[in-house]
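Participant: Which chain is which? The protein sequence lines are L and H, in order. Here the first sequence is numbered in this note's numbering, starting from 1 and rising by one per residue. Here the second sequence is numbered in this note's numbering, starting from 251 and rising by one per residue.
Errors might be hidden in some of the hints.
[What the hints assert, rightly or not] Listed below are several chain L residues computed to face chain H (Cβ distance under 8 Å; list not exhaustive):
#: 1; residue: 51
#: 2; residue: 53
#: 3; residue: 65
#: 4; residue: 66
#: 5; residue: 67
#: 6; residue: 68
#: 7; residue: 69
#: 8; residue: 72
#: 9; residue: 75
#: 10; residue: 77
#: 11; residue: 85
#: 12; residue: 96
#: 13; residue: 97
#: 14; residue: 100
#: 15; residue: 148
None of these hints come from the bench; they were simulated from the model. Since the structure is predicted, the reported quantities are computational estimates derived from the model, not experimental observations. Glycine included, each C-beta is placed from N, C-alpha and C at the ideal position.
So you can see what is in the structure, the chains are spelled out below.
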Amino acid sequence: MRARGVSRTYRDGARTVTALEGTNVDIPDGKFVSIVGPSGCGKSTLLNLFCGLDKPDAGSVEAPTLGAGELLGRVGYVPQQDVLMAWRTVTGNATAGLECLGCGREEARRRAREHMDRFGLAGFELSYPSQLSGGMRQRVAMLRTFLCERKINLLDEPFGKLDAITRASMQTWLLEYWQENRCTIVFVTHDIDEALFLSDEVHLMSPRPGRIVLSLEVDVPRPRKYGEVVTSVHFNELKSRLLHGLRREA
Amino acid sequence: MRSGIWPPLLLGAGIIAAWEIYVRVGRIDPLLLPPPSAVALYLIGNIQIMLSNGGATLSELLIGFAGGVMIGLSLGMLMQIWRWFREAAYPWLVATQMVPIPAVAPILVLWFGFTIVPKAATVALMSFFPVAVSTVDGLSSVNPELIRLLRTFGARPWKVMTMAALPSALPRIFSGLRVAMALSVVGAVVGEWVGSTRGLGFLMLHYENRGETAGLFATVTVLAIMGIILFFLVGWVENWAISWRRYAKETL
Chain L
1 MRARGVSRTY RDGARTVTAL EGTNVDIPDG KFVSIVGPSG CGKSTLLNLF CGLDKPDAGS
61 VEAPTLGAGE LLGRVGYVPQ QDVLMAWRTV TGNATAGLEC LGCGREEARR RAREHMDRFG
121 LAGFELSYPS QLSGGMRQRV AMLRTFLCER KINLLDEPFG KLDAITRASM QTWLLEYWQE
181 NRCTIVFVTH DIDEALFLSD EVHLMSPRPG RIVLSLEVDV PRPRKYGEVV TSVHFNELKS
241 RLLHGLRREA
Chain H
251 MRSGIWPPLL LGAGIIAAWE IYVRVGRIDP LLLPPPSAVA LYLIGNIQIM LSNGGATLSE
311 LLIGFAGGVM IGLSLGMLMQ IWRWFREAAY PWLVATQMVP IPAVAPILVL WFGFTIVPKA
371 ATVALMSFFP VAVSTVDGLS SVNPELIRLL RTFGARPWKV MTMAALPSAL PRIFSGLRVA
431 MALSVVGAVV GEWVGSTRGL GFLMLHYENR GETAGLFATV TVLAIMGIIL FFLVGWVENW
491 AISWRRYAKE TL
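Chain L on its own, in the form it takes in the complex:
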């Protein structure tokens, strides 16, 4: 997936906000790529373009693996809020994506049940979202998108609202899941540790208008163990380069 010379401005009341201007990004197939940047740097705008919810004013967004045509409906997307439907059970929420794609309800439920265990939701199939913890809610949200089995999945700060301990276990869980089910993941976050621990590549975005100002390859072998990786010397070298890049932009 790639963005070439992408610009996007939108109106916010009387102001005109330039979220992206001549932005270029390359997301290699099958890689775990993070986009890091300060709040309001246009990360979410970029994801909206990637999943086809929004169109660029200039430039192009393409996904050669998916072929030509509309991106909307063909790229997986996990939003920042879990937006679970309070009136549906865990299973009902998990099947929402498949149902939208025209999958029958029974078939969708069967497929959701197969994954409950892997997503740590076994025994909670009939619970309502309000009865779940934050981490579980987020896993339901990811199950809902991952059940659609997209080649490309966009995750918009999915762990942003979780506490630090839950967040670390969710990161480990996501990595394991990704290693079993390879797909392209574009992961947006403002947490540098999180980005480095998870990704093959990390792109640093500047404040508005958002551009990629630094791209790093994270050559840490997999499978990665959280405690070992985040305390290693190499990890901290990469981290200091990113932090340095951030400071220069701020």
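Assemble chain H onto chain L, guided by the hints.
Facilitator: Relative to chain L, chain H alone:
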């Protein structure tokens, strides 16, 4: 809430007792204000007439209410889907509520005669508006992030409506339904006043002409009981339809 059914019952009993004493001690003309005991006796003595006329009113009311709800829901959904339709239709919908319904009812009788149609139409005219307004309100309260997500799943507008917007609009729609039900009772009686041969509204005119005040009061009592039962019936259906809310409340 669950402090019980007793406080309202006690208050009601107190008011009825005071009324009885007032009429008896004050030697009030029973043609102006009959004592509750006389009303109760009249009600029991004429229960057959009350029930058959009540049944007529109930069927007009339910048919009209069902029609009003369907019209209200459809209008609400159309106004939500098509912005231009909302802008074009909203002032006219408000206008229908500015026209006094009792003034329209004779026209309906002129068109449809002494049948059930003008009564049901009057009920529908009064009940569709709160349903339409609460539907528009409820539908626009859906989380826009959820809509965006469903669109990334390739959901068409109709799918978004049935899967996300309607369920999240239900609590508000039911508020509208309760108002609509209360108005329906008024609509049915007004519809009967302008032209009918049966029903509780007809019965009221009948007793009034004959100076049977106790009968008039008894009819009003039946009407009130019917209205209360219907109102709570809507609440009961609501609890059933929005059963998931129980779980939401547990954690709030």
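Participant: Each hint should be assessed against the structure and marked as holding or not.
Facilitator: Right, here's what the structure says about each hint:
With its C-beta approaching chain H no nearer than about 5 Å, residue 51(L) sits inside the 8 Å limit, and its interface hint holds. With 8 Å as the threshold, the beta carbon of residue 53(L) comes within range of chain H, its nearest partner Cβ sitting at about 6 Å, so the hint holds. Contact between residue 65(L) and chain H, as hinted, is not supported at the beta carbon level, the nearest pair being about 17 Å apart and thus beyond 8 Å. Hint status for residue 66(L) relative to chain H: violated, with the closest Cβ pair at about 13 Å, above 8 Å.
With a cut of 8 Å, the hint placing residue 67(L) at the interface with chain H is violated, because the nearest CB-to-CB distance is about 15 Å. The beta carbon of residue 68(L) is not positioned within 8 Å of any beta carbon in chain H (closest approach about 17 Å), and the interface hint is therefore violated. Hint on residue 69(L) is violated. Least Cβ distance to chain H is approximately 12 Å, over the 8 Å limit. Satisfaction of the interface hint for residue 72(L) is found here, the shortest Cβ-Cβ separation to chain H being roughly 6 Å, below the 8 Å cut-off.
With 8 Å as the threshold, the beta carbon of residue 75(L) comes within range of chain H, its nearest partner Cβ sitting at about 7 Å, so the hint holds. The closest approach between the C-beta of residue 77(L) and any C-beta of chain H is roughly 4 Å, which is under the 8 Å cut-off, so the hint is satisfied. The beta carbon of residue 85(L) is positioned within 8 Å of a beta carbon in chain H (closest approach about 7 Å), and the interface hint is therefore held. A hinted interface residue such as residue 96(L) counts as satisfied when its beta carbon comes closer than 8 Å to some beta carbon of chain H; here the least separation is about 7 Å, so the hint holds.
For residue 97(L), the interface hint holds, the least distance from its beta-carbon to any beta-carbon of chain H being 5 Å, beneath 8 Å. The closest approach between the C-beta of residue 100(L) and any C-beta of chain H is roughly 4 Å, which is under the 8 Å cut-off, so the hint is satisfied. The interface hint given for residue 148(L) holds, since its Cβ lies 7 Å from the closest Cβ of chain H, which is under the 8 Å cut-off.
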